[in-house]
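> Here's the letter readout for the chains.
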Amino acid sequence: EPEVTQTPSHQVTQMGQEVILRCVPISNHLYFYWYRQILGQKVEFLVSFYNNEISEKSEIFDDQFSVERPDGSNFTLKIRSTKLEDSAMYFCASRSPTGSQETQYFGPGTRLLVL
Amino acid sequence: AQSVAQPEDQVNVAEGNPLTVKCTYSVSGNPYLFWYVQYPNRGLQFLLKYITGDNLVKGSYGFEAEFNKSQTSFHLKKPSALVSDSALYFCAVRDIEGGSYIPTFGRGTSLIVHP
Chain A
44 EPEVTQTPSH QVTQMGQEVI LRCVPISNHL YFYWYRQILG QKVEFLVSFY NNEISEKSEI
104 FDDQFSVERP DGSNFTLKIR STKLEDSAMY FCASRSPTGS QETQYFGPGT RLLVL
Chain B
247 AQSVAQPEDQ VNVAEGNPLT VKCTYSVSGN PYLFWYVQYP NRGLQFLLKY ITGDNLVKGS
307 YGFEAEFNKS QTSFHLKKPS ALVSDSALYF CAVRDIEGGS YIPTFGRGTS LIVHP
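Here the protein sequences line up with chains A and B, keeping their order. In this text, residue positions in the first sequence follow the numbering used here: the first is 44, and each later residue adds one. In this text, residue positions in the second sequence follow the numbering used here: the first is 247, and each later residue adds one.
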């Protein structure tokens with residue numbers, strides 16, 4: 044069964060550094076998402092992406108964040124200048140353009156720790 | 247506005263016993279409701295959903311959930327728990343009239359099934 048993959052699985056960075064989290068969505072999916080979960084808290088929506096542009100974003104997704112689909116397979120989340128409070132598990136998800144609109148397929152997550 | 251609550255951080259059950267993982271929701275209109283499961287080092291996997299129709303929804307791995315509009319609940323159930331069911335379970339809701347395709351997730355409930 045096809046899966047969403049994410050790299051790296053863990054990343055430790057210094058405050059103020061830039062990080063790029065990578066995702067490879069399922070190949071025929073066209074809708075892409077980033078979520079995050081701070082330890083012990085809810086899974087929070089960050090951004091959705093379709094047709095090479097952001098379709099929705101939350102208040103969390105400020106100017107420090109950006110997303111890109113640099114080629115036909117990768118979907119990246121960049122945090123320009125990380126803050127301590129960016130420490131969280133970041134999940135990528137993708138959705139098929141056909142069938143149920145409601146079923147998103149999630150990757151295993153990248154655990155980001157900002158020191 | 248849409249929100250979901252999972253009142254239990256952890257549920258413990260003995261193998262072979264029935265299990266219930268609780269979820270309540272709040273939406274302005276009518277809800278789409280979902281359950282996802284996360285096994286260690288894996289992404290969130292879709293279990294089941296309620297869109298419309300029969301209030302009892304059957305999903306993967308023998309799980310089912312009952313939509314109760316009067317109690318605004320969507321509890322996840324299984325008649326006989328397995329040790330392999332031990333995982334993190336997330337409830338999610340989307341307001342059908344909300345204009346967004348983005349679900350709101352709960353904090354997750356850790357299910358531990360003891361042999």
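Keep in mind that the hints were calculated from the coordinates and are not lab data. For every residue, glycine included, the Cβ atom is placed at its ideal position computed from N, Cα and C. Fair warning: there could be bad hints in the mix.
Stated by the list, open to error - Using 27 Å as the maximum straight-line C-alpha spacing, the simulated DSSO-like pairs for lysine-lysine come out as follows: (1) B:295 with B:268; (2) B:315 with B:295; (3) A:100 with A:126; (4) A:85 with A:100; (5) B:295 with B:323; (6) B:323 with A:126; (7) A:100 with B:323; (8) B:268 with B:315; (9) B:268 with A:85; (10) B:268 with B:323; (11) A:121 with A:100; (12) A:85 with B:323; (13) B:304 with A:121; (14) A:100 with B:304; (15) A:85 with A:126.
As the list claims (entries may be wrong) - Some residues of chain A that are not near chain B, with every Cβ distance over 10 Å (derived): (16) 56; (17) 57; (18) 80; (19) 86; (20) 91; (21) 95; (22) 115; (23) 152.
> Going through the numbered hints above, which ones does this structure break? Give me the numbers in ascending order.
When the structure is compared with the hints, numbers 6, 7, 13, 14, 18, 19, 20, 23 turn out to be violated.
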